[in-house]
Amino acid sequence: MQYLPHTKEDIKSMLEVVGVSSLDELFSSIPENCRFDGRLNLPEPMTEWELDDHMDSLAGNMAVSPDYKIFIGAGSYTHHIPMSVKYVTSRSEFVTCYTPYQPEVSQGTLQAIYEYQTMAATLMGMDVATASHYDGATALAEALLIAARKKKKKYVAISSLIHPHYREVIHTYFSPTQYEIIELPYLENGRTDLSQLESGDEFGALAIQSPNFFGCIENLKNAADIAHDQNALFIGSYTEAMAYGLLKNPGSMGADIVAGEGQSLGIAKSYGGPALGMLGSKKEFMRMLPGRLVGKTTDQDGRPGFVLTLATREQHIRREKATSNICSNNNLCALSAVAYMASLGGTGFRKLAQLNHDKAEYLKSELKKAGGKIPFESPTFNEFVVRFKNGFDKKYARLKDKKILAGLPLATFYPELENHYLMCVTETLKKEDMDMLIQEVIS
Amino acid sequence: MKEVIHNSGLVLDEKLLWEKGKKGRIGFSIPPQDVAVAELDPELVGEDPDFPDLSEVDVVRHFTRLSTWNFGVDTGMYPLGSCTMKYNPKTNERQASLAGLSEAHPFLPESLSQGALQIMYELEQYLMEITGMDAVTLQPAAGAHGEMLGMLLIHAWHSKKGNSRSKIIVPDTAHGTNPASAALCGYKPIPVKSDENGIIPVETIRELMDDETAGIMITNPNTLGLFEENIQEISEIVHAEDGLVYGDGANMNAVMGIVKMGNIGVDIMHLNLHKTFSTPHGGGGPGAGPVAVKKDLIPFLPAPRVVFKNGQYSLEKNLPDSVGRMTAFYGHFNVLIKAYSYIRQMGPDNLKKASRLAVLNANYIKEQLKDTLHLAYDRPCMHECIFSDKNQAAHKISTMDMAKRLLDYGIHPPTVYFPLVVHGAIMVEPTETESKEDIDLFIETFKTIAKEAEENPDILTSAPHVSKRRRLDEVEAARHPCLTG
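Going down the list, the protein sequences come from chains X and W. If you number the first sequence the way this note's numbering does, the last residue is 443 and the count never jumps. If you number the second sequence the way this note's numbering does, the last residue is 928 and the count never jumps.
One thing to keep in mind: the hints can contain errors.
Stated by the list, open to error - Chain X stretches covered by chain W per the calculated footprint, using a threshold of three residues with CB under 8 angstroms from any CB of chain W:
hint, segment
1, 270-281
2, 290-297
3, 354-367
No lab work stands behind these hints, which were simulated from the structure alone. The C-beta atom is built at its ideal place from N, Cα and C for all residues, glycine as well.
Turn these sequences into a full structure, and let the hints steer you where they fit.
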């Protein structure tokens, strides 16, 4: 076995040093009745080459581009990832190290994360950003917990146009707490209905996703004003980080905390994970942020360097008084994100975001011509809802057979939205791909 | 003094990203504008993100240089206790990057994602077999996330039975994240001191366990690297009061194929795929923390669950008693592939052998170094052993000094100052993938350092000398936080 370097002689001489006669005897401290005597019922070992064949066949049993044209986003987006990003982030010095507890030999990871924190904070419009979280859903749940603890009011308010899975995670995280969650309905224009908040001051936090699950860009400024008028914190969220290459960021619209998903920033979809939970705040909430933070300092020779910092917030120091039990960050994903953002640069980021918007607008207008209805009139970024005629589900199935996935059926999440589909277009789909879909819809 | 061999001649400096580049450069191949530009309401449009413009060469050189300042398992021995820094097989990376898997959208219809679902289903089966438990969820994103789920499951199980419980027992030998995980779910952690042998005293549990206590969190082998010998009796006491036993599987690497936790009273446990099952740590993540449970807890597992019926894999979402959802989709699928790939390559016998060799390596180090460093518990250890700086105190040399000196010799230090039970702890977990020669070098190096501590302590207190940076001012970093540039 290529990962087990011990020769028979090694084992023999090491056992002698330990003073036992067999490998079994090493386990003498385990009582007999705790031991498992049998052989694990697992498949026999494969060679590397057999494994390649096996995995190729499993991977072959999946629908991916370019074979399939997939018009689905909904929290996981298809964007081009430069080979240069994949290449540098797969260097084993980044991949095979632990959390940087020994900063003298971890400056690579630490500087990269400091750069990530800086660029992430810029993108979100926040003063600080953490070193990353598991995903957008858990980052948002953590953000709401910060606000709930800070304001100590009866409930937190979240938009029903936050990704349905994110709302499930929030409910899970809040189930052992005393705080209640209210979900705000949506308006006919595809934005969140905030009217019930205008009179109530029992909520400690308001969370809005923009672009929201229908792809509509929310009026964050208005939401922030309402939250602040009622002495609540305003949390901006997103599933599509690419949008902030074009849109005003949540910080500039009044958000106190921002929590979103950074998978679009150079991270493969990988059937939903791992992704990149982005979490940032204004400076005043910095010490309440859960998770890792990297800070700048100097070494004993006065040279600049980086360390993990503000650890007194964390679980291993504060134990049960910690604000979160989080122990890791999705570091490699943050590394991909910073390499991706650096590759695009400010100029390229804007250009790519604009292209995403333009392509989606093209599909939107052409589908309208083809008989689709656009039920929500608010402006969108690279996703939008279209309503097709009754019976489109049969055509949807036929298109699937033709290797086209024509959006995500919304009735699964919003039962009132029969025949509504959430369509996504990114820079990876060409005009001819969209034209093909439009032809199929018309025919 | 032993000659220090190092290669610092090639350690190059590198600026911060925004100190490089020039407006108008790009490191990305942007597709052509094949549709008309559509204007968005100017009210909604912001400024360009304030990022530097860099070429592809700029970006590649930048991150390549940064990478050379890191120490990884591929660089050398990394014996971090409680972290299981074993070698990460390269074939795992190949499998996880196959386009069919890495490019798969999580909302693919089930009929078009059979490959991914099969991997998840089979991995669950393997982990059930290894732990002796009845079901597994792969959703938790990390070990601490698995612990949190474990607490939610305990909470849900008691609620369903109408039990109202406010406390949970957490021994001092349990994993560091345990108290915070318990507190997050509204439980008051009740600490228990380990006995003179470093394990949980049964009588204390008998006294503490009552009908207000939800259960106990046991790390086994514990964070002292010792097997909790009384686990069966402790489990019986906890179960008799209608409590549950949570097993922290962080140290599972010691007992694969040797102990099945499900057979010795554990009701819920998490595994760290990034420890025991060889997926890389990535400088702090992403890992994966699947949770295994006994039959009675299955209804409470997070949704969705992967099921296999009539030759088809599917996702069961209709689970009325479920605690809900832990991550946006199905957990860290890409990490799961690597663990799956590892188990398929190892097979049953090599997994067991890995545990046996991990334990052999740790006991060998314990024997070879116990005359040099003070050994906290002089008894057979599992996959890790714990020393302290007691012997070096006379020379005013601390654990930290020795750790930093190891860096000069090209070896990553063990875990230091943890567990808290041992003052000045040095926690060594070599793992099975270190050869005898590398372990001998580690032992010899530590002996050299101990000698230096007597003869030339300054060289330790001023270490490291040849790393990219020398000791960093952490106090200043915390006092005046500078988190962005």
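Each hint tested on the structure:
1. Note: the segment 270-281 of chain X has 6 residues with beta-carbon separation from chain W under 8 angstroms; the three-residue rule is met and the coverage holds.
2. For the segment 290-297 of chain X, the stated coverage by chain W holds: 6 residues have a C-beta nearer than 8 angstroms to a C-beta of that chain, and at least 3 were required.
3. Restraint check on the segment 354-367 of chain X versus chain W: 7 residues with Cβ-Cβ distances below 8 angstroms, three needed, restraint holds.
When held up to the earlier numbered hints, the structure conflicts with none and fits them all.
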